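> Protein chains in written order, with the numbering used here: chain A, 1 to 456; chain B, 1001 to 1206.
These are calculated hints, taken from the structure and not from any lab test. A hint or two may mislead.
[What the hints assert, rightly or not] Listed below are the simulated SDA-like cross-link pairs for lysine to any residue, each with C-alpha atoms no more than 20 Å apart in a straight line:
no. : chain 1 : residue 1 : chain 2 : residue 2
1   : A       : 193       : B       : 1174
2   : A       : 235       : B       : 1197
3   : A       : 289       : A       : 312
4   : A       : 235       : B       : 1192
5   : A       : 235       : B       : 1126
Since the model is a prediction, treat every value here as computed from it, not as a measurement.
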Amino acid sequence: MTPLLLATLLVLQDTSAIDRGVRIGIIYRPGVRPGLVMLPRTGGGAGLDSVRAIIARDLDYSDRFEVITLPGGDSIRLASSTAPSRSPTSRRSASAGTSRGAPASPQSLNYPLYGALGADFALDITRSGDTTLAALHDIAAADLRRSLRATLPPPTSPDFRQAVHRLGDQVVQAALGVPGIGATRVLFVREGKVYQIDHDGADQKLVSSTDRQAMSPAWAADGRHFAYMEFQAGKGWLYLQDMATGKRIPVSTTGTALDFTPAFSPDQQTMAFSRATEEGTDLYTINVKSNCCLRRLTVGRFSDNLSPTFSPDGQRIAFVSTRPGLPQIYVMAADGTDQQLFAPFDYGVTGSSNAPEWSPDGQSVAFHRDVAGTLQVFVLDVRTRTVRQLTSVGRNEDPTWAPDSRHLAFVSDRSGYRQLWIIDLDTGRIRPLLQQSGARLPAWSPRLSEATSTTP
Amino acid sequence: MKSVSLLLMLGLSAATVASSCGKKAAPENPTPNADSATAAERARQDSIAAAQAEADRLAREEAERIARQREADSLAALSRSAEEVRNMLATMIHFDYDRSNIRPDDMGALDQKVAILQANPDLRIRVGGHCDERGSDEYNLALGNRRAQAAKQYLVSHGIDASRIETQSWGEERPMGDGHDESSWSQNRRAEFEVTSGGDNLRRPS
C-alpha cells in the first residue's frame, strides 16, 4: 500500500502540483473521508451565521467530508502563544500571492489539536465590511491552503443563498480539486406545474408560467434555460423558458403532434425529443439555436422510441426503445445511426427499463427498471456495459444526475408517499430533498455560475 | 261539460249572493217590482254568458297546454335519443396492463361507434389514450398514444374515414380513479371518446 502510494505521489509530482498528490493520498484511504472542522465564529457581520450554516450544510451534503463541529467559544481556536513555530510558514504562504493566503488570515491555529480531532482541513469564515472571507487551512501542512473572498448580496436578496453556495463550492474546490454542488437547483413537476428548489431544499419556487399541465423539465447546459412539455389542445408542446426572465417561446414545429421528453445537446445547439404520431413514438432533433430543421432519428413502426439523453461529448444519444417488446435502454450516434442495445437485460425476465439520463462525466447512465412489479433505480457502466441496482426500498424512479456525477436525485415512495430524495453513490447516503408529496420528474441543474433566480 | 254546469251553478249562486247583498243594502224595500225582476233576469243571463266565456277560455288554454306538452314531450324524446347516442359514443374501452390491443369484450362498444359515425357523417371525434400510474410517467405518454391509435385503427378498419378521428395521449396525467389498487388502475387504462364537431342532433344508427 505504502510503496504504491509513494509511486502515485512521485508520478503526480512529475506532472502537476504537489498538493494534487496529497489529495490522491487522501482518496486512497478506503472508506475514510477527510475531516473538516468549521471554526467557531469570530466577530460579527450581517448574515454571517446564515453564511456559515449554508456552507456547513453544503460541505456535509457534498458527502466528501466528515464535517466536525466544535462546541461554541474561542478557547480552542486561538493558540498564537502555543505555536510560534508556525508563523514562518504562514508568512510564506501569505506572501505567495492573492490566490493563496491573505494578509488578514489568522497568524496561527492550533493545528495539532485539530489534527487530533480528526480534521484534515479547518474552515474559518469571517466577515469584514462587504467582504466575506473563507480561509481554508490544511492541518497536515499546518498552513493556510487558500483564502477565498466573496462580496455577498444582503441576506434579504433572492440571490443571497446561491452566492453563498458558490463560495461553498469554491471551498470544496480548494480542498479537493473538484467543485461542490452547492450552487445547483432541481426542477421538478408537482400537480402539473414546474417548480425549482435549491439542492439543499431551500427556496422552492413556481416557475411554470401558465396553468396548463406541464411535464418533463430539462436543463440547458448553461443553467439559464430549460425546456419542458405542456399539454395544449390535445397536443404536446415543447417550450423553451429563460430562467431569469421567465419568458418562454414554443420550440419550432411543435404543436402539431404530441412532443415530449426534451433533452438538450451539451452545446445547446440541438434539442432531441420524442414525438407520438399515428406511427407510434419516435425520436427527432431540432436546431434550437436557429429554431429550425426538424430531423427524424428513429423509424419505429411497430415499436416506440423515446426519452433521449445526450452523452456529455454530444456524440451519442441513449434512449428507450420498445423494439425488444418491453421498453429497454438503447444507444445510437447523435445522427441516429448505429442503434444498439445499451443496458443488458434477460429476455423474458428483466422488467421494463425507462427514464435514462447520461451522467455529466460520461461514465454512467442512470435509469429505472421494473423489478418484481415496482421500479428501482439502476446505473449502467458505459465502459463495461454492466448494470448495478442502487435502490431496493419502495418504488424509486426518474433518477437525475448532479453535476458531480456521484449524486442522484430521484422519486421514491419509501416514506409512504412519493417525494424527492438524493442518494450519494459513493457513500450510499440517502436524504430527502423535499418533504412534500406528489413531486416527480426531477431534473438536476448544471452548476449555476451566476444569479439565475426567476423574477417574482 | 261537467265543469261548465258547475260554473253555471257558481254563477247562479254568485247572482243570489249579489241579490242578497242588495237586500242588505235596501231592507226598506222588500217587495220586488217588475224592474227589479228584469234586472235580476239580466244579471242571471250576464253571469251565464260570463261563465261560458270563462269556460271557453279555460278550455282553450288547456288545449294549448296539451299541445305544448305534446311538443315538449316529443322534443324530449328526440333529445333522449341523441343523449343515448352520445352516451354510446362516449362509452370508454379498457386495456390490460402495458397493452394497447383491443380487448374482445370492447369490440361491441367500438362497433356501436362505427355505426354512429356512419349514421352521422358530419360527426368528428377525438380518442384520448390513458394509462394507470404503475408504468413510467413518460413512457405512459407513448403507451397512451398506442392505445388511442389502436382504437382509431379499429374504427378506420371498419370503414370510418381516418380524417374524422383525432388522437391524443394523456399518459397517466388524467386518472379516473385516484386509488392505488387494481380497481382504480383497470379504470384508468382506457380510451375516451369525445365529440369535436357535428355532435348536435345525433341520429340513432338504423
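> Against each hint, give a clear statement of whether it holds in the structure.
Hint check:
| no. | hint | in the structure |
| --- | --- | --- |
| 1 | A:193 <-> B:1174 | holds, 14 Å |
| 2 | A:235 <-> B:1197 | holds, 18 Å |
| 3 | A:289 <-> A:312 | holds, 18 Å |
| 4 | A:235 <-> B:1192 | holds, 16 Å |
| 5 | A:235 <-> B:1126 | holds, 12 Å |
Of the numbered hints listed earlier, not one is contradicted by the structure.
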